[in-house]
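Chain P is fixed; fit chain D onto it per the hints.
Protein chains in written order, with our numbering: chain P, 21 to 226; chain D, 21 to 226.
If you are wondering where the hints come from, they were derived from the structure by calculation, not from laboratory data.
Accuracy of the hints is not assured; some may be wrong.
One copy or two, either will do: identical chains are not told apart, so a pair holds if it fits within one copy or between any two.
Stated by the list, open to error - Below, in silico cross-link-like pairs of lysine-lysine (BS3-like), each with a Cα-Cα straight-line distance of 30 Å or less:
| # | residue 1 | residue 2 |
| --- | --- | --- |
| 1 | Lys183 | Lys38 |
| 2 | Lys154 | Lys45 |
| 3 | Lys59 | Lys27 |
| 4 | Lys148 | Lys27 |
| 5 | Lys38 | Lys27 |
On a predicted model such as this, the values are computed, not experimentally measured, just so you know.
Protein chains: 2
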Amino acid sequence: MSTYSSKLVENAVNELAKLPGIGRKTALRLALHLLKQEKAEVELLGTSIIKMRADAIFCKVCHNISDNEICTICNNQKRNRSVICVVEDIRDVMAIENTSQFNGLYHVLGGIISPLDGIGPNDLTINKLADRLKGKEVVEIILALSATIEGDTTNFYLYKRLKEFDILFTTIARGVSVGDELEYTDEITLGRSIINRQPFEGLNNR
Amino acid sequence: MSTYSSKLVENAVNELAKLPGIGRKTALRLALHLLKQEKAEVELLGTSIIKMRADAIFCKVCHNISDNEICTICNNQKRNRSVICVVEDIRDVMAIENTSQFNGLYHVLGGIISPLDGIGPNDLTINKLADRLKGKEVVEIILALSATIEGDTTNFYLYKRLKEFDILFTTIARGVSVGDELEYTDEITLGRSIINRQPFEGLNNR
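Pulled out of the complex, with its shape left as it was, chain P reads as follows (with noise of 0.2 Å):
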């Protein structure tokens, strides 16, 4: 209910108070910050914005977002083909491509199976990750969804329903993270790492 003495400034709060995260105080802030950048920084700032909502697409085949029809990652040919990774969203595929320990193929779900929510797999890219199995050429799906119980929903709804394929289904490995003491790990994720425990390797398991 703040009093602005300028109704062009007050649109822009408004439009920016809609952002996620973002309330009333912060996008006056963030208004008057931008009044006082060069007018060429806001103009590139907000083109920038409508630009990447008009004319960024999703790739036809993994669903990742992607300024042509297939995403570079599904056009390298130097990718290995026979693994698909099922993430939910498009940050997952970046964190992922970020470690640069996976260089097979994505599928983007676009979401995980939430009833609460009111997410069922049709809402889901699910359909289209069958249609990819057909071709035979797909040997491994390694399901990276998150260690929730909506992601182990979606886990198991995906392995019944795709099940017929024949293919190696996989999970990223759950367990204690890099760098964590013991003593501060949860209780569950400590028993799954014991349950799961692996051969050691010596230098290699650093």
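Just chain D, lined up with the frame of chain P:
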């Protein structure tokens, strides 16, 4: 150092991450949120900030942000033109307006004197304030700056610079905040509030 599959998203994230208090992770979260919004909504956000920066100006009289040469407060003939409240920036005008306790005019300094930040008296709108006092219409200046060393320095400078005008100088009251418990109030504030104690006015004091 994230790997973006879309140059358009990367550009938007780069621009969003220039905003104060917004890091690259938050910028990415905002960009992905915008991708899910209606195209028209994103255009509204983008154009509102561009338009604000292009068209909003500072009031010629009080330096408050305004859509016109003279702001709505300075233009309002119902306001008391004999009292000027001096504030640091536009947000302070809004904060005081929201109290509905002040019916005079404002003067926005655009900062406070802070040698450490390289801000001296000439970087502020002090000359413009002196010009406003020459008409002899103004009888009181309310100094409403932050209760910091910089605020005190600026108050003192303004007093020295403007005392020739034979005007009453007042500062906003400093003391225990309404609703605060005494034992949690800092010593300096509590000390000042004892020195500056006021006659008890019964219910009016509440």
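- How do lysine 59 and lysine 27 come out at 30 Å by Cα distance, when the copy is not named: within, between, both, or neither? both (18 Å within a copy, 23 Å between copies)
- Query: What label fits lysine 183 with lysine 38 when the C-alpha limit is 30 Å: within, between, both, or neither?
  - Reply: Cα proximity of lysine 183 and lysine 38: none, with 43 Å in one copy and 47 Å across.
- Query: Between copies, within a copy, both or neither: which fits lysine 148 and lysine 27 at Cα up to 30 Å?
  - Reply: between (47 Å within a copy, 25 Å between copies)
- With 30 Å as the alpha-carbon cut-off, assign the pair lysine 38 and lysine 27 to within, between, both or neither. Both, since 17 Å and 25 Å are each at most 30 Å.
- Message: For lysine 154 and lysine 45, with the copy left unspecified, which applies at a CA distance of at most 30 Å: within, between, both, or neither?
- Response: For lysine 154 and lysine 45, neither the intra-copy (52 Å) nor the inter-copy (36 Å) Cα distance is at most 30 Å.
Checked against the numbered hints listed earlier, the structure breaks hints 1 and 2; every other hint is satisfied.
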